[in-house]
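Starting from the known structure of chain A, fit chain B onto it as the hints suggest.
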Amino acid sequence: MEQENLTNEPERPNASRRDFLKQSGVLAAIALTPPVAIAAVDQGLDQKLATAFEQQPLRVQINGVAKQLSVEPRVTLLDLLREQLHLTGTKKGCDHGQCGACTVHLDGQRINSCLTLALMTEGAKVTTIEGLASGDKLHPMQEAFIKHDGFQCGYCTPGQIMSAVACIGEGHADTPEQVREYMSGNICRCGAYANIVEAVMEVKNKGGQL
Amino acid sequence: MNPFQFTRVTTPQAAVSTISKTAGTYFLAGGTNLIDLIKREVIIPEQLVDITKLPLAAIEKTSSGIRIGAMAKNSAVADHELIKKHFPLLSMALNAGASAQLRNMATVGGNMMQRTRCSYFYDNSMPCNKRGPVQSGPDKGQPNGPGGCGAIGGSNRMHAIFGASAKCIAVHPSDMCIALAALDATVNITGPKGDRSISFTEFHRLPGDIPQKDNTLAPAELITSVDLPTNAFAEHSYYLKVRDRASYAFALVSVGVGLEMKGKIIQQARLAMGGVAHKPWRLSEAEQFLKGKEASEFNFKQAATLAMASAKGYGENDFKLTLAPNSIVEALQIATENA
Chain A
1 MEQENLTNEP ERPNASRRDF LKQSGVLAAI ALTPPVAIAA VDQGLDQKLA
51 TAFEQQPLRV QINGVAKQLS VEPRVTLLDL LREQLHLTGT KKGCDHGQCG
101 ACTVHLDGQR INSCLTLALM TEGAKVTTIE GLASGDKLHP MQEAFIKHDG
151 FQCGYCTPGQ IMSAVACIGE GHADTPEQVR EYMSGNICRC GAYANIVEAV
201 MEVKNKGGQL
Chain B
1 MNPFQFTRVT TPQAAVSTIS KTAGTYFLAG GTNLIDLIKR EVIIPEQLVD
51 ITKLPLAAIE KTSSGIRIGA MAKNSAVADH ELIKKHFPLL SMALNAGASA
101 QLRNMATVGG NMMQRTRCSY FYDNSMPCNK RGPVQSGPDK GQPNGPGGCG
151 AIGGSNRMHA IFGASAKCIA VHPSDMCIAL AALDATVNIT GPKGDRSISF
201 TEFHRLPGDI PQKDNTLAPA ELITSVDLPT NAFAEHSYYL KVRDRASYAF
251 ALVSVGVGLE MKGKIIQQAR LAMGGVAHKP WRLSEAEQFL KGKEASEFNF
301 KQAATLAMAS AKGYGENDFK LTLAPNSIVE ALQIATENA
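Here the protein sequences come in this chain order: A and B.
Residue 210, in the numbering used here, is where the first sequence stops; the numbers in between run on with no holes.
Residue 339, in the numbering used here, is where the second sequence stops; the numbers in between run on with no holes.
Pulled out of the complex, with its shape left as it was, chain A reads as follows (with noise of 0.2 Å):
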C-alpha cells in the first residue's frame, strides 16, 4: 500500500488563534514548545507557532492510500479532503449537513463530511468521488448519470453518485419511492431527481458490482 507523510500548514492569515498564544507572545511559550514549533518562532512566524501548537496527528486511509497526516481539531473531513488533500471533487454546498454535496464514504457508510471533525476518522477508510472509477473505467453509477442525465450543473452530482452507490449496499433502492425517501439528504437545485432515480434504479436492477 502506498505512504504518504504529509504536514500540512494551510495559510489562513486570518484565522484567529488561541487566546493564550495572542496574549502570551512568543518567548513565553518557547520553553512548552516542542522543535517544530520552535523552527516555526526561528522563522518569526506566530501563526505557524500556533498551528504547530495544535496540531494533532491522524492516521487515515482514502481512496486506498494510507495517509500520516497532522491536523487541527476544528478542521472538517470535508476541509481536510479539498483544502490540505486537493481532494475537490467532494463539494461544500450549505456546509451544516443539510444539502448533502459533501457526501463521502466512511468504512463503508455514506457520512456529511462537513459535520465530521477530520480527527474523528482516525483508523478509518475513507473513499471519495475520487475513489470509485478504477482507472479510466468509470464506476457503474457514474456511468448510469451520464446515460440519464442525473444533472445539469453538477455541482451536487459527487455527492449523489456516493449517496446512491451507498443506498443501494445498505438495501434501500428497491423501489423508486424507496430511493426518493433514502436519497431525500442530497439536494439537487437544478431538479433532476427523476433522472436521478432512473439512474439509480438501473445500476439497481442490472445488479452490477458496486
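Misleading hints may appear alongside valid ones.
[Stated by the list, open to error] Below 27 Å or equal to it, Euclidean Cα-Cα: the simulated DSSO-like pairs (lysine-lysine) are:
1. B/K262 x B/K301
2. A/K92 x B/K262
3. B/K312 x B/K264
4. B/K140 x B/K213
5. B/K213 x A/K125
6. B/K53 x A/K125
7. B/K85 x B/K312
8. B/K312 x B/K301
9. A/K67 x B/K312
10. A/K92 x A/K137
[Said to hold, decoys possible] What follows is a set of in silico ranges between Cβ atoms, one per label pair, in the way DEER data are often shown:
11. A/D174 x B/Q267: 32 to 40 Å
12. A/C94 x B/P229: 37 to 45 Å
13. A/G207 x B/A23: 54 to 62 Å
14. A/A66 x B/P229: 42 to 50 Å
15. B/Q267 x A/G64: 38 to 46 Å
What the hints contain is simulated information worked out from the structure, not anything from laboratory work.
All figures in this text were calculated on a predicted structure; none of them were measured in a lab.
Heads up, the beta-carbon is just placed ideally off N, CA and C, and yes, glycines get one too.
Okay, now just chain B, sitting in the frame of chain A:
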C-alpha cells in the same frame, strides 16, 4: 470555527474523568448537531472529548428486553432485525428522522442530547434564554447573544403547544425519542458518582425557569445505554410524522403509537407526540382512556380531545391545535389496521 482542544478516550471512565476536569468541555459522538452548533457559535467549546471509540455500540437481548448501546448509530438501530421485529415503532421513528447520511453518523445518546432547532436559539444575534453563557474564549461567562424569547410573539410556527414557559417555547426535535418515550424505555447513565438509571420520560425536562437545561443529566454524566422492556405492541405500532415536505424535515407534529389489541378491544395503549413540547410528550390520559375500549374513530377522537386539554397556541403555531388531535386519530387508526 473557534479553536478547541480535542481529546480521544476509549473507556467510559476516562470520558467522565476528562470532561470533569475542564469547564466548557463536551462529549463528541456523531457530531451531527454539536459541530453544526460550534460552526454557528451557539456553542463555543473549550474542549471536545471524542467518545466515538467507546465500546458502547452493541444492540443485544437482555432478560427483560433489548439493550441499545449509547454509541449505536441511528441507522444500525433502525435496520437491526431485533428492533424491526420487536420494536417497529422505534425503527419507523428513526427512519423518519434526518437523512440516510446523518443517521449513519448520529448515535442514540447523541440523538437524545441534540438541541432544539428553534431559529432564535440558532442565531446568536437574536434573543434566546436557552443559549446560556459563552463557554470559552475572551467572552467566557458573558451571555451568548441577547436574552429573552424571540419566539414568543415572533416566528413560532414550529414551536410548542404543551408545557412551555414564559422563558422558552422551543420543542425537542427528535423522532427517536418519541418512540423511546412511548415504549417505556430506561436510560442508563454513568458519572463521577457512579451508575444510575432513570425512566426515559424523566430524562428530558420542560423549560420552566431554566430553559438552558434540556435534560436531567448531572455535570460530567455520560449516557451508556437505553433499555427497552419487552411489550406486545409490535403488531399495532405506527409513527406518523407530519412535516412541510415528504422527507428530511423536522416534524410539525408527530405521533408515536403502540397498541396491544385483543380483537377490536385495546388492552394497552402507548402514545407520545413530537414537535409539540420541550420534551417527548407522553399522552398518559389518552392512554388510560383507551385501555379496555373498542378501537373506533369515536373513541380515538375522545382520546385526542383528552390529550389536547392543556394545549396552548402562540400565534403562528395555532394550526397545531387542530393538526395535533387529527394526527392522534390518524395514527391510532393506522396502528389499529397494521397487523
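Going through the hints against the structure:
The suggested pairing of B/K262 with B/K301 holds, with an alpha-carbon distance near 20 Å, which does not exceed 27 Å. About 54 Å separates the Cα atoms of A/K92 and B/K262, which puts this hinted pair outside 27 Å; it is violated. Using a Cα cut-off of 27 Å, the hinted pair B/K312 and B/K264 is violated, with the two alpha carbons roughly 33 Å apart. Restraint check: the Cα-Cα separation between B/K140 and B/K213 comes to about 18 Å, which is no more than 27 Å; the hinted pair holds.
Between B/K213 and A/K125 the alpha-carbon distance is near 37 Å, which puts this suggested pair outside the 27 Å criterion. In summary, the hint linking B/K53 to A/K125 is supported, as the alpha carbons are separated by about 15 Å, within the 27 Å threshold. In summary, the hint linking B/K85 to B/K312 is not supported, as the alpha carbons are separated by about 37 Å, beyond the 27 Å threshold. A C-alpha spacing of about 19 Å is found between B/K312 and B/K301, which places the hinted pair at or below 27 Å, so the restraint holds.
A threshold of 27 Å between alpha carbons decides the hint, and for A/K67 with B/K312 the separation of about 56 Å lies outside it, so the pair is violated. Under the criterion of a C-alpha separation no larger than 27 Å, the hint pairing A/K92 with A/K137 is consistent with the structure, at around 26 Å. For A/D174 paired with B/Q267, a C-beta distance near 34 Å keeps the hint of 32 to 40 Å intact. For A/C94 and B/P229, the hinted distance range of 37 to 45 Å is satisfied, since their beta carbons lie about 40 Å from each other.
Checked against the hint of 54 to 62 Å, the pair A/G207 and B/A23 passes, with Cβ atoms roughly 55 Å apart. One distance hint, 42 to 50 Å for the beta-carbon pair A/A66 and B/P229, holds here, with the actual separation near 46 Å. Evaluation of the 38 to 46 Å hint for B/Q267 and A/G64 yields a failure: the beta carbon distance comes to about 56 Å.
Going down the numbered hints, you'll see the structure goes against 2, 3, 5, 7, 9 and 15, while the others check out.
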